[in-house]
Amino acid sequence: MSFSLAVLIPLFLVLFFNLPFYRISGKIAVFIASLFCIVQAFSFFLPVNATCPAVQNLVSYFMLDFQCDGISRLMLLTSAIVAFASILVLYAMEDSDRKQFNFVNLILLSLAGMNGLFFVRDIFSVYVFIEVIAATSYILIAINKDKNALEASFKYLVMSSVATVMMLSSIAILFLVAGGTDFVTVSNMYQQYGGNSLVTAAVVLFIVGLFIKGGVMPFHGWLPDSYLAAPAPVSVYLAGMVTKTTGIYTLIRLFYSVFGFNTAIQSILLIFASISIVLGAFAAINQNNFKRMLAYSSISQVGYIVLGFGAGTTFGVAAAIFHLFNHSVFKSLLFVNSAALEKQVNVSDMSEMGGLASKMPVTSTTSVIAFLSTAGIPPLSGFWSKLMIILALWTADLKVYAVIAILASILTMTYFLIMQKKVFFGRLKEGFENVKEAPLAITFVSILLCAITVVVGLLFPFVLNGLINSAVSF
Amino acid sequence: MNILLNVFIIIPLLAGVLLYFLPSKYNIVKIIMFLAAVSVNSFFSVFFYGREILFNSHLLFRLDLYFRYYGLNSFMMIVLGAAALLAAVYAVASMKKEKNTFMFYAFMLLALSFANGVLLTDNFIVLLLFWEALMIPMFGMIAAGKDKPVWTALKTLIISSVADLCLMFGVMLICAVGGSFMISQTNVDISQPGAVFAFIMMFIGAAAKAGAMPFHSWIPDASVKAPLPFMVFMVTAVEKVLSIYLLIRIVKDLFVIEIGSDISIYAMIFGVITLLVANMFAVYQKDFKKMLSYASIGQAGYMIVAVASLSVFGMVAALFHMTAHIVYKTCLFFVAGNIEKAEGSTEISGVKSNLRQTMPYTFMSFVLAGAAFAGVPFFFAFFSKEMIYASALSVNWAFYVCLSIGSLLSAVAILNWGIKLFYSKPKEKIIQEKEVPVFMFIPTIISALACLMFGIFNKVPHTLVSNVIGQVENEHSVIITVILISVSVLVLILAFINNVYTCKKRNDGLGFIAAALDKIKIDKLNENIKFDPYEIFIKAVTKFSNAMFNIDKGLNYFYDVTVPGSVNFVSESVKKAHTGNISVYLLWVILGIIFIFIIF
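Line by line, the protein sequences are chains G and W.
The first sequence begins at 1 in this note's numbering and counts up one residue at a time.
The second sequence begins at 1 in this note's numbering and counts up one residue at a time.
It cannot be assumed that every hint is accurate.
[Said to hold, decoys possible] Incomplete in silico selection of chain W near chain G, CB under 10 Å:
id: 1; residue: F139
id: 2; residue: N581
id: 3; residue: I582
[To be verified] In silico lysine-lysine, PhoX-like type, Cα no more than 25 Å apart, as pairs:
id: 4; chain 1: W; residue 1: K341; chain 2: W; residue 2: K286
id: 5; chain 1: G; residue 1: K27; chain 2: G; residue 2: K422
id: 6; chain 1: W; residue 1: K575; chain 2: G; residue 2: K147
id: 7; chain 1: G; residue 1: K422; chain 2: W; residue 2: K575
id: 8; chain 1: W; residue 1: K575; chain 2: G; residue 2: K421
id: 9; chain 1: W; residue 1: K539; chain 2: W; residue 2: K553
Note that these hints are calculated values from the structure, not bench results.
Beta carbons: idealized from backbone N, C-alpha and C, even for Gly.
Construct all of the structure, not just a fragment, from the sequences and the given hints.
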């Protein structure tokens, strides 16, 4: 039961921060929160069942059906990394103590919801935790209260509500049929009444809800706007973790543990994934805004994850989980880079930048590595996960989709090369002579994430055995 | 290491390499070394004659690479050695002041070494190695010409390599079919699968070495551009010797073919076409050396016909004719070289003086060698030609007719040039010209006298050749012999009348056969170099590369314009679809749900 701590500690931290009559400063909150992230990250390496009786007694007051498997642990690590990155970017970007404090509180709340989502084994609890994350996300996006942010937040709210309605009605139907909402009950029911049209409708509604949350095309309308309008640290957190967790992780969890695959579900996953990959990449090519381009790239990469998952084999699930991890790392890295640019250059239009590689060597180098990893260039981590996805599709005899995945890599290359050329390469544009490298916190995060990308790529055999194979044995 | 290997391969090779790298202050040493190496080679080729030696060289990595010295190749090596000696003496005398003289010497020694290697080896792979290695000296010797004719050398290289490719392929096949790399252990029945193809490929490769059509076109070019000793040594001696040696090996040892089988007929037709076309071209040439080179190609046709008749008699005839041809063609090339030295050119327009008076020895040599060339009775080539006629006649009379026509043409050509070179009236005042240096006309005269001597004492070469190939069982009847001789004489008389007629009526020296040749428009074919397969090939390659370039341009257009354009278009449309209007986004959601329900 000790993994309940991952939910309880952030909750207690938020309570502790907001004790009446005594409020700690933002800096201390940032420090404590990042410390928590580090501890959470290291808890990945602890044995699963290490428990201490005192903690057990404490946790047993909360009647939560928590279970831990390899996927949960991997996601725990990922969320810790991304949250850590986001908090450090916040520290570098926001000067106001108040904002830092608010932000840390919200992120800890969100983290509590997220960690709960990883361990929970009950579809209604899944819904609850998704809503916790979503509620904090609305506020996080609009935290600066400017017009665009509010509009984006509103869009996210509206779309999310649609998703919520769908998921809730789906859960209602499933509860109606199964008489319970825990995974085992629902799973047993589904095996029995899988062909029933009502149950099918419930499943479809759940899928659509998750697609909206995950930003799969064509349910992605809210996503580019919110990524763009959100403040830099929020973008990092949102792109790196929130959509991937609420949408894609839940999708994987439900179909891996509860519903299982059938051809219709598989074809839905594959078709929408392909649409996301191709159209997301196409949309990214012509974007002029750095963050918007990254947003569409994110949609495209989410497509890859769903595509690998849609192969329907455990190998495919492993590939999807691995790509999810990699994508979280390198997309966070790219958003950290965008934050660096935002802070140092204060221009969001890519065509106005140019030649920044000489002025911001760390940012440009790490962004090159991140984009190479995204495009799937060996030996970086993105190459291996993409290779696994393609292999999974190929071995599952879904060769058309494998070919689409390969060809779309060219588009990925294209938009990232355009980005690199516009922003970092070429001649230095006028007015940028005095640009300096980003502050230490941001460069530190960049280098850390970049190192993860490189090391995971280079040590892929160990990663495959230690990390992925333990998460999903195939 | 066997002494044969040392004498025939290693010594010329080392001498050649040493000669190439010695500094120029040792020029005298170099010349002595060059002559000594060639002389040693010739001496030992005679010295060892008559022995049969099979030895393992352990040349490479202790592999069993056998070399075999026996009748056929020992005779070939005598011929080669003699030609090399004559050419070497002539080269030393004539090329004194030219730039690349020593490069030429070095490459000539290399060529001698490699040619001996081809003759001696008993292993197909080693044979191919030496055969291909000959390309290097060939290129070098042509490129050592006055104006560094690298393009001619390249042309030679390309044409030869195509032919060699055929040979390589044939060797590969015969090794596969026969199951052995040893030449002396290979004896493949032509009816075995793949054997016919192997035969054709090897035959083409070997015949092309002698300059058979369509692999001939580098020879006339080289005759103008390359140093003259190259024409004597390489084109006349080495190429013919190797070609005939391999042809005889192919039909005699490597394959078992019945006399008169289809493939033999086709091979003979191949030879006949070569000899007719080449002789027609020869008639029309405006340059003496070019005429000689075309005639050389034509003579190769005779030899191919004789070998392809598959009879022992034919092979004896071919070998005999090869020897005769080397002797008289060497002499004629020397004559050409002498004239070039005196007049500066061997073209018709270049001859200014009455050479009969200024160069009596050269004139005398020309008469003797020309007589042998035309096939005048009691000269060297007369007997060999008669033998070839007989072997052709024994297969089909049509071949005989074609051969006779070929002989008529070559007789006309040589008579025509004799008149033009030595009997034309001087166009300018006689400049007091001298005979060429003594070392240039000594080889000329020796080869000229050989034409006569071996003609009169024709038993000597005939016996030698017969010893090598095997005794001819059935001599032809007296009647046939009489017919053959009388027809040959008739041909000569016709040629003579033709030229007399020419003196009166026409200027081009072609007489009444010109009318016949004009009808075939052979001159236009020749002059526009339309018939040169190399040029045709190069043109085709150029066209092909242009076409490829255009395709590439098209592809570039596709990659540079079409693809980015369409990507941009799709991208723009997707971008425009994202209006930021939330109702549109909700509409997409609804459409998506409908789509999902359609799938289910």
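Hints, verified against the model:
Look at W:F139: its Cβ only gets to about 46 Å from chain G, farther than 10 Å, so that hint breaks. For W:N581, the interface hint holds, since its Cβ comes within 10 Å of a Cβ in chain G; the closest pair sits about 9 Å apart. Annotation: W:I582 was flagged as interfacial toward chain G, and the flag holds, the nearest CB pair being 5 Å apart, inside 10 Å. Restraint check: the Cα-Cα separation between W:K341 and W:K286 comes to about 18 Å, which is no more than 25 Å; the hinted pair holds.
Between the alpha carbons of G:K27 and G:K422 the distance comes to roughly 36 Å, so the proposed pair goes past 25 Å and is violated. In summary, the hint linking W:K575 to G:K147 is supported, as the alpha carbons are separated by about 22 Å, within the 25 Å threshold. For the hint linking G:K422 to W:K575, the alpha-carbon distance of about 19 Å falls within 25 Å, and the restraint holds. Taking the CA atoms of W:K575 and G:K421, the gap is near 20 Å; set against the 25 Å cutoff, the hint holds.
Only pairs whose Cα atoms come within 25 Å are accepted, and W:K539 paired with W:K553 is accepted, the gap being roughly 21 Å.
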